[in-house]
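Protein chains: 2
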Amino acid sequence: MKKDLAIVLVSGGLDSCVTSAIAESQNYDLAFLHLNYGQRTEKKELECFNDLSEHFKVKAKLVVDVSHLAKIGGSSLTDSAIPVTEANLETTEIPSSYVPFRNANILAIAVSWAEVIGAKKIFIGAVEEDSSGYPDCRENFFQAFNQVIETGTKPETKIQIETPIIHNTKDEIVKIGIELKAPLKKTWSCYSENEIACGKCDSCALRLRGFAKAGEKDPIPYA
Amino acid sequence: MKKDLAIVLVSGGLDSCVTSAIAESQNYDLAFLHLNYGQRTEKKELECFNDLSEHFKVKAKLVVDVSHLAKIGGSSLTDSAIPVTEANLETTEIPSSYVPFRNANILAIAVSWAEVIGAKKIFIGAVEEDSSGYPDCRENFFQAFNQVIETGTKPETKIQIETPIIHNTKDEIVKIGIELKAPLKKTWSCYSENEIACGKCDSCALRLRGFAKAGEKDPIPYA
Numbered sequence: 001m002k003k004d005l006a007i008v009l010v011s012g013g014l015d016s017c018v019t020s021a022i023a024e025s026q027n028y029d030l031a032f033l034h035l036n037y038g039q040r041t042e043k044k045e046l047e048c049f050n051d052l053s054e055h056f057k058v059k060a061k062l063v064v065d066v067s068h069l070a071k072i073g074g075s076s077l078t079d080s081a082i083p084v085t086e087a088n089l090e091t092t093e094i095p096s097s098y099v100p101f102r103n104a105n106i107l108a109i110a111v112s113w114a115e116v117i118g119a120k121k122i123f124i125g126a127v128e129e130d131s132s133g134y135p136d137c138r139e140n141f142f143q144a145f146n147q148v149i150e151t152g153t154k155p156e157t158k159i160q161i162e163t164p165i166i167h168n169t170k171d172e173i174v175k176i177g178i179e180l181k182a183p184l185k186k187t188w189s190c191y192s193e194n195e196i197a198c199g200k201c202d203s204c205a206l207r208l209r210g211f212a213k214a215g216e217k218d219p220i221p222y223a
Numbered sequence: 001m002k003k004d005l006a007i008v009l010v011s012g013g014l015d016s017c018v019t020s021a022i023a024e025s026q027n028y029d030l031a032f033l034h035l036n037y038g039q040r041t042e043k044k045e046l047e048c049f050n051d052l053s054e055h056f057k058v059k060a061k062l063v064v065d066v067s068h069l070a071k072i073g074g075s076s077l078t079d080s081a082i083p084v085t086e087a088n089l090e091t092t093e094i095p096s097s098y099v100p101f102r103n104a105n106i107l108a109i110a111v112s113w114a115e116v117i118g119a120k121k122i123f124i125g126a127v128e129e130d131s132s133g134y135p136d137c138r139e140n141f142f143q144a145f146n147q148v149i150e151t152g153t154k155p156e157t158k159i160q161i162e163t164p165i166i167h168n169t170k171d172e173i174v175k176i177g178i179e180l181k182a183p184l185k186k187t188w189s190c191y192s193e194n195e196i197a198c199g200k201c202d203s204c205a206l207r208l209r210g211f212a213k214a215g216e217k218d219p220i221p222y223a
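Order-wise, the sequence lines are chains D and H. Counting with this note's numbering, you get residues 1 to 223 for the letters of the first sequence. Counting with this note's numbering, you get residues 1 to 223 for the letters of the second sequence.
A hint or two may mislead.
[Stated by the list, open to error] Which chain D residues stay away from chain H? Per the calculated CB distances, all over 12 Å, these:
| hint | residue |
| --- | --- |
| 1 | K43 |
| 2 | I178 |
| 3 | K181 |
[What the hints assert, rightly or not] Computed Cβ-Cβ distance ranges for the label pairs, DEER-style:
| hint | chain 1 | residue 1 | chain 2 | residue 2 | range |
| --- | --- | --- | --- | --- | --- |
| 4 | D | K43 | H | K43 | 47 to 55 Å |
| 5 | H | N27 | D | Q147 | 30 to 38 Å |
| 6 | D | K43 | H | K59 | 33 to 41 Å |
| 7 | D | K154 | H | K71 | 15 to 23 Å |
[What the hints assert, rightly or not] Counterexamples of contact, computed for chain H against chain D with all Cβ distances above 10 Å:
| hint | residue |
| --- | --- |
| 8 | N27 |
| 9 | L46 |
| 10 | K71 |
| 11 | I72 |
| 12 | E115 |
| 13 | K154 |
| 14 | P164 |
| 15 | E172 |
| 16 | L180 |
| 17 | K185 |
| 18 | K200 |
| 19 | F211 |
| 20 | A214 |
| 21 | K217 |
| 22 | P221 |
Simulated from the structure, these hints should not be mistaken for laboratory data. Since the model is a prediction, treat every value here as computed from it, not as a measurement. Ideal placement from N, C-alpha and C gives every residue a C-beta, glycine not left out.
Given these sequences and hints, build the entire structure.
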């Protein structure tokens, strides 16, 4: 029987890799979508995206340039004049790496593509816990977006966003990934560097803490 | 007193011109956003956008390339292999000029920009009547999108989409435009041509019928 098609948003990071493994385990054919929004680490992320596409034998892949988000600005991920904030995992403030409304931009593109290729699901590896400062990473945002899809696409179209790891902690995500044999060594989380992960930025700190709590060794090298 | 800032989505067409005039009449400072999504008539639309920006003395303007929508395809507006459908104003089928989920893509960009420049409103000249086939032109879509903005932006951010002509007929829009002295001769609606409007495509047919019903002469030339 022909499998349904699911798009996975694949940044090339740990979360999107584990999300891909979950989508595969739910018996979907996969199509991978990667966004280049002018981030510092684009080169390495794209390399991981291509490695992961090969690993998961995707039916389709699409890389979309959304560097207009850099033009719009307002974030250290896209504006080289704003320094990357060093990790402060206790804060609830919105970090400077915030690209305003980024996930809505990404999901809108994913839905357009889903409607064209006939995908039924859009998987995104958003995690509430480690991105509590990002308003567009919370479950109620994705629920509201599902309503927008319902009202804004053709009547016969049924596309839904799936956020399978949204309530997981990073150590749980590491464990799920290992259980599903996800290729975690082909992922990149560092916000700052393209060769050896810095180990210091928010994203590295979260990842390293996750592996430590899970009692596992992170397979990628750090500076 | 300092005026609030409103973004207006300005394609360069009749509807966006009249919407700009309405936003101005509501005492907002204006910022204009134009999207180039690879449509056939981009050259002429951009010319109108610039003329209208000058006329309305905008505080900021931004042109964003979203030609990835062309890459995603599925529409005669962006895919030169699909012929433009000739007007059939009676049909309720979704026309071939449909770009899947286009308005969600456009609004997501507008919200990102609004958050950066501090705009309170996003005006869009969507009209239910003449675009009944486009799911993302209906009022319930915009209402759902306002919920996505509410959940997906910073808590202190208050941005709302305004659709002031959504329930108007084209002849009413023409009349409002004339009453507000909107520069209708600096607009372009044709889907097909860049120099002289074809007069035959859906968009020309709707516009011409609107002017005729309003008892007014369309100030632009037709083939």
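Structure versus earlier hints - violations, ascending order: 4, 10, 11, 12, 13
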